[in-house]
Amino acid sequence: MPLSFPRAATAHIELPAALEGKTLIEDKRSHTVVAETYKAKGAAVRVAVAPGEYRVLVRRGTTLSRCEVTSGGTVELDQCTSEALDVETTKGGEQPIFEHPTMIEVSLFAGAERHDAYTDTLEAFGYHEGVMPLSAGISLAGLRQWLPHVWLGGLASTESTSEWTRATDGLYPQRFSATTTTVQGAARAFTELGESSFYTYLQFTIGLGIGRTQHRDQSDMETRDTYFGPALSASYGVGWQGHRLGLGLAYTMEYAHVIDNLVGDTHASGGHRFGLAGSWSF
Amino acid sequence: MRKQNLLFLAVVASQMGATKCGQVLRDPGFDLWCGEELCAWKLERGEVKRVATWHESDAGVELVGSDVAIEQLAPVNSGDGTCIRFELVANVAANAEVYLNVDAQGDGTLEMHERIPTANWKPLSYNFAVAAPYDGIRFEITKKGAGTATLANIGADIAQDQCVDLTPLDPGPRRAGSQCSEGSQCASGMCGGSPTRVPGDPWFPLVCLGCDGTTCGTGETCGLGDPLSPVFAVPVECVATGSKEVGEQCIADAECGSSICEANVCSSCRLGCGCHAAWDNGPHVCDAGAPGAPCGVDGDCASGHCNGSVRSECEDGRACTSPAACPFGMGDAALQNTACTTVGIQGGSCQ
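Residue numbers (the numbering used here), protein chains in the order written: chain A, 1 to 282; chain B, 1 to 351.
Everything labelled a hint here was simulated from the structure, so no lab data went into it.
Note that the structure is a prediction, hence the values are computed from the model and not measured.
Be aware that one or more of the hints could be misleading.
[To be verified] DEER-style ranges, computed between Cβ atoms:
1. B:A93 <-> A:V131: 36 to 42 Å
2. A:M221 <-> B:G192: 49 to 55 Å
3. B:D287 <-> A:Y172: 48 to 54 Å
By construction, the Cβ of each residue, glycine as well, lies at the ideal position given by its N, Cα and C atoms.
Can you make the complete structure from the sequences, with help from the hints?
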């Protein structure tokens, strides 16, 4: 079995008394870290190394200093180059949480439909929402990293209200339901939760809402109508990001002022929504 | 056996109400249109038009013109409750006078006359109490003036405990055939058992009587008069002696021209051999009648032909010309009149 031995540490590098911080000594020729320590301020420290040329990296707070030194020498702090660290773009101290700049995200969400003058009119005309009425839908978002903490993109969603019914003395009850589709621009800002793979985010969207209503009368005759209007939303979410796959939970306040009736009311579709999201980055 | 009886009573009791699960009016949404007219509401005068409300497929009724009235007789009675909540959605212009009229007992006397205010598709609600006993309420909506008035989702239901401190509407002296608990409630001062079925109540309660054995004049007999309303029992009142034809309802032989009242129908013979009912609960006539013999249907005659005027009856045997004259159904059909069916010939004679 062949054996190899490290080079003998016959030289040294001196870390001066004023140096403070997490310190790495890298062999410039082999690009290997030969020593790592935390240097406290107050006394000089000598680190034994093999003869050669070295680079000393000192991290203190959000500053990283690079110092070139030859074995047997002392790190001269005033000759080091320094740069600021952006700690929020790192994971585990070094890796960014989002390794890829583009994300596709699919969300499923549900929540109670907003009540307003439009729904008051429905109730006045004898319509009732079902037991446990929920609106539910799906959205697809495409986002691209624009700034380290900001992603921009677009979002398309569609959701259906629960059915409103009114008993009749005809063959069928009167039934009314609506579907709201939106196409919106989206902006998302996130912040990491410590050095974990979890993060929180805020997202705002604004765009076009398309409301489609379906009404069936006592003879089961169907009438469909389509309406247009502005749509916007605000979300707060928590996510986990893996290498490419991401998962998230979000609360969203939706507002799409789109569905009109003949007595002058416009229903602002939406309301409080709770969703589950899955994403893929590339 | 006792359990079966209790179950039977429970089933009967559940069907007793003259409402549809507390709902008093039929077709509250104005959904049912028979051509250009409402199926469940009767147009008294003027013109109505089907119009869109909040949605083009959810119809309301527009009262067209300057003098319009629609009405519906509801079979609700004091057994269902005495507090009624009436609701509607109204779009009434300032230059239209729209009134809600309430006619307890449906006798033409209005006990409540309330103006429906100017509104732009606003829900309105009225609570009122009716003094018991009562049988039926006629709801009437009238409009005067050139302004538009459109109504939708008119409903009325039993509103328990929501009429506290409201003065009950007094239907006044009850007519013969309406329910009563004491004579003072009746125009005649007489309250007694009904010889015929009382609509909406299977227990043969007391009804106002128009006569007894002592109150009719010469040439008259205390018998069954013409039905006044589908919510009343056929009234007991003085009728001309011998005035009824074979096939008409009766309670005394003297009412009938044949002098035979068999099973509450004027007949030509008593039940027995050679004497049969012409139809279910119909007159009894002799088998294979000779020419000129009384008959109810063609099969009663040897010739196969029974001549006379057609008789139509409700399920309880009262004469009718349309379902509107017949008592209301039960259960899901509680707000609908029962059928008026052609049963045979009244006062027929064999060819």
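Could you check the hint for me, namely that D287 (chain B) and Y172 (chain A) are 48 to 54 Å apart, CB to CB?
With a Cβ separation near 51 Å, D287 (chain B) and Y172 (chain A) satisfy 48 to 54 Å, so the hint holds.
How does the Cβ-Cβ distance of M221 (chain A) and G192 (chain B) compare with 49 to 55 Å: does it lie in that range?
52 Å, holds
Is 36 to 42 Å a correct range for the gap between the Cβ atoms of A93 (chain B) and V131 (chain A)?
About 39 Å separates the Cβ atoms of A93 (chain B) and V131 (chain A), which means 36 to 42 Å holds.
Comparing the model with each earlier hint shows no violations; every hint is respected.
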